[in-house]
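Enquirer: With these hints in hand, go ahead and build the complete structure from the sequences.
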Amino acid sequence: MAKYLLKRLFYLILTLFLIATITFFMMKLLPGTPLSNESKLSHSQIQMIYHTYGLDKPVWQQYLIYLAGMVRGNFGLSFQFDNQPVSYLLATRMPASFQLGIQAMIVGVLLGIIVGGIAAIRRNTWVDGTMTIISILMISIPSFVLAILLQYYIGLKAGAFPVAGWGNFSYTILPTIALAGSPFATTARFIRTEMVDVMSSDYIELAKAKGLTSTGVVYHHALRNSLIPLITLIGPLTVNLMTGSLVVENIFAVPGIGEQFVKSITTNDYPTIMGITMMYSVLLVVVLLITDIVYGIVDPRIRLQGGQS
Amino acid sequence: MAENANVSNDAFEPLGKEEHLDNEKIAAPSLTFTQDAWRRLKKNKIAFISMWILLAILVLSLAGPLISPHQPNNAQPAYTNLPPKIPGVHIPGLDGTKAVDGGRVDAYQQQHVPSGKYWILGTDYLGRDLLSRIIAGTRVSLAVALIATLLDLTVGVGYGLISGWRGGRTDMIMQRIIEILSSVPNLVYMILLLVVMRGSLLSISLAIAISSWTTMARLIRAEALTLKSQEYILAARTLGESSWKIAWKHLIPNMSSVIIIQTMFTIPSAIFFEAFLSYIGIGIQPPTASLGTLISDGQKNFQFLPFQMWYPAVVLMVIMICFNLFADGLRDAFDPRSRE
Numbered sequence: 001m002a003k004y005l006l007k008r009l010f011y012l013i014l015t016l017f018l019i020a021t022i023t024f025f026m027m028k029l030l031p032g033t034p035l036s037n038e039s040k041l042s043h044s045q046i047q048m049i050y051h052t053y054g055l056d057k058p059v060w061q062q063y064l065i066y067l068a069g070m071v072r073g074n075f076g077l078s079f080q081f082d083n084q085p086v087s088y089l090l091a092t093r094m095p096a097s098f099q100l101g102i103q104a105m106i107v108g109v110l111l112g113i114i115v116g117g118i119a120a121i122r123r124n125t126w127v128d129g130t131m132t133i134i135s136i137l138m139i140s141i142p143s144f145v146l147a148i149l150l151q152y153y154i155g156l157k158a159g160a161f162p163v164a165g166w167g168n169f170s171y172t173i174l175p176t177i178a179l180a181g182s183p184f185a186t187t188a189r190f191i192r193t194e195m196v197d198v199m200s201s202d203y204i205e206l207a208k209a210k211g212l213t214s215t216g217v218v219y220h221h222a223l224r225n226s227l228i229p230l231i232t233l234i235g236p237l238t239v240n241l242m243t244g245s246l247v248v249e250n251i252f253a254v255p256g257i258g259e260q261f262v263k264s265i266t267t268n269d270y271p272t273i274m275g276i277t278m279m280y281s282v283l284l285v286v287v288l289l290i291t292d293i294v295y296g297i298v299d300p301r302i303r304l305q306g307g308q309s
Numbered sequence: 001m002a003e004n005a006n007v008s009n010d011a012f013e014p015l016g017k018e019e020h021l022d023n024e025k026i027a028a029p030s031l032t033f034t035q036d037a038w039r040r041l042k043k044n045k046i047a048f049i050s051m052w053i054l055l056a057i058l059v060l061s062l063a064g065p066l067i068s069p070h071q072p073n074n075a076q077p078a079y080t081n082l083p084p085k086i087p088g089v090h091i092p093g094l095d096g097t098k099a100v101d102g103g104r105v106d107a108y109q110q111q112h113v114p115s116g117k118y119w120i121l122g123t124d125y126l127g128r129d130l131l132s133r134i135i136a137g138t139r140v141s142l143a144v145a146l147i148a149t150l151l152d153l154t155v156g157v158g159y160g161l162i163s164g165w166r167g168g169r170t171d172m173i174m175q176r177i178i179e180i181l182s183s184v185p186n187l188v189y190m191i192l193l194l195v196v197m198r199g200s201l202l203s204i205s206l207a208i209a210i211s212s213w214t215t216m217a218r219l220i221r222a223e224a225l226t227l228k229s230q231e232y233i234l235a236a237r238t239l240g241e242s243s244w245k246i247a248w249k250h251l252i253p254n255m256s257s258v259i260i261i262q263t264m265f266t267i268p269s270a271i272f273f274e275a276f277l278s279y280i281g282i283g284i285q286p287p288t289a290s291l292g293t294l295i296s297d298g299q300k301n302f303q304f305l306p307f308q309m310w311y312p313a314v315v316l317m318v319i320m321i322c323f324n325l326f327a328d329g330l331r332d333a334f335d336p337r338s339r340e
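In order, the protein sequence lines correspond to chains A and B. Counting with the UniProt record's numbering, you get residues 1 to 309 for the letters of the first sequence. Counting with the UniProt record's numbering, you get residues 1 to 340 for the letters of the second sequence.
Incorrect hints may appear among the rest.
Said to hold, decoys possible - Below, a list of computed lysine-lysine pairs in the DSS-like style, where the Cα atoms sit at most 27 Å apart:
#	chain 1	residue 1	chain 2	residue 2
1	B	K117	B	K98
2	B	K228	B	K245
3	A	K157	B	K300
4	B	K228	B	K249
5	B	K300	B	K117
6	A	K3	A	K28
7	B	K300	B	K98
8	A	K157	B	K98
9	B	K300	A	K263
The set of hints was computed from the structure by calculation and includes no laboratory data. Computed from a predicted model, the values in this text were never measured in an experiment.
Expert: Written out as structure tokens, the structure is:
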């Protein structure tokens with residue numbers, strides 16, 4: 001276990017180092033300078049601005065400074081937003097994104113388990129058919145279309161929830177639903193397949209033969225055993241939520257990381273783009289590591305060994 | 001016992017010469033693997049209908065320049081934001097009227113459109129024909145998806161085959177590389193690439209392919225590992241076939257179902273990402289239409305002219321739904337075990 005952990009940690013650091021390096025040099029490849037109209041500035045002004053951002057040093061020195069800063073959580077200064085440090089900018093925007101992400105994950109996965117479970121129990125009936133159609137629809141409707149429709153028809157026309165912005169809990173409801181669509185559909189399909197598999201296994205036959213009620217069988221045996229592999233879905237679902245948050249936060253004007261990311265892309269704010277890129281990567285790598293470890297603990301049949309995939 | 005043996009020869013009748021052969025005859029026609037899959041696919045009504053809808057959309061989008069009534073990028077400032085109008089149809093929403101203060105006003109009269117002119121799906125904020133733009137946009141979106149999938153296929157299958165076939169140290173190194181690559185969110189690759197390269201049909205396809213080939217490579221490697229130990233591969237090797245020929249003649253045909261199924265799941269995700277990237281403004285650049293840019297344009301006017309977003313959004317959703325249903329059906333057709 002300790003050896004496995006060390007190995008995983010080594011790969012984790014290597015991965016992050018590679019991403020940081022690639023991001024840095026890709027940003028260096030970009031044509032142009034961070035100054036929009038350099039010709040209007042005198043030579044000494046340009047020198048001064050370059051000095052502030054550390055752009056007057058050779059590239060390899062910039063790279064080392066950048067790496068050293070990143071280890072300490074310092075991503076440099078944002079080109080936009082009055083030279084705020086990127087790390088500060090991200091820190092102020094993290095709570096909203098995390099709240100939405102976690103809410104959407106909980107809502108999506110819980111609903112997915114319920115719908116997938118019911119579909120598996122009532123397999124090959126109209127209930128199953130309806131549930132399958134709902135989950136296919138949710139997989140096929142892009143989160144941004146869902147978000148716009150929710151915002152207009154439920155937020156504006158019905159006036160049930162605030163249309164956009166960020167305040168009390170009611171502001172989070174529509175973005176949460178829009179974000180939860182994809183995790184819901186993925187979970188529902190996954191749970192249905194797993195449950196159908198489990199329901200045909202011998203221990204379910206035994207439980208039925210012992211005279212357990214059908215709810216007992218489903219709750220104590222089928223559902224519990226189907227839930228364990230669900231852990232492996234958390235990684236991909238996190239990626240889904242990141243993708244979704246970019247557009248959903250933008251549509252609902254949520255002051256979160258995703259909204260910031262789109263803003264910095266459109267304004268060529270490279271330090272912020274790099275900062276968010278690194279943040280997303282760290283988040284995913286850590287989530288993957290934790291889910292692998294948890295899966296190994298929950299299901300001892302999975303041996304934690306490096307080199308096997 | 002003795003009495004029983006006294007049956008005269010007349011009691012027996014000689015069988016026809018050929019009749020006994022029928023017992024061994026296989027009544028059903030012998031089917032190849034593809035024919036068998038096709039037969040199963042045809043039985044799956046939903047998947048079969050999805051396939052025909054997709055084919056229809058593909059043909060329509062390819063024939064776009066021939067059938068679309070207007071130039072997709074031709075802006076007519078006099079005729080902006082006109083609602084849909086089909087001559088002779090009097091359903092609100094399709095008769096050229098739009099909702100204003102509870103009542104419906106004929107927008108075509110308001111904007112002094114000559115009586116012969118009409119736009120089946122209306123016009124956008126620059127007076128461009130929405131139907132022509134949707135047809136052109138669908139073509140761009142499908143093109144991106146197909147190029148991305150083709151790249152994904154070539155790189156993924158090539159990488160997986162080499163990794164699985166060579167094995168040993170090569171495999172180890174190649175798998176570590178995949179592990180590292182796949183622990184980066186695919187969003188990050190796509191956005192970085194597009195920020196550096198700027199959105200065009202090719203750069204978007206490349207960005208999508210780069211972030212999705214690892215899944216294909218993993219599947220192919222696993223297949224290659226199982227197939228490698230089969231007897232017919234051993235036979236081919238013993239006969240001195242080159243690795244290239246074995247891969248081309250034996251490995252790839254035997255993996256075709258895995259490849260086809262994975263491809264069918266890659267296409268809708270590529271379509272999604274094209275729309276997504278174009279929607280946030282780093283994908284297909286205006287004035288070129290794609291489903292993503294159309295939805296993004298339509299959203300700006302959604303409150304007043306909802307049809308401008310509904311139509312492209314519905315096309316996008318229909319394509320996505322059909323691809324997902326078709327892929328599901330195809331998986332069941334190729335691999336009957338996946339069905340319960």
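Enquirer: What hints, given by number in increasing order, does this structure fail?
Expert: Violated hint: only 6; rest satisfied.
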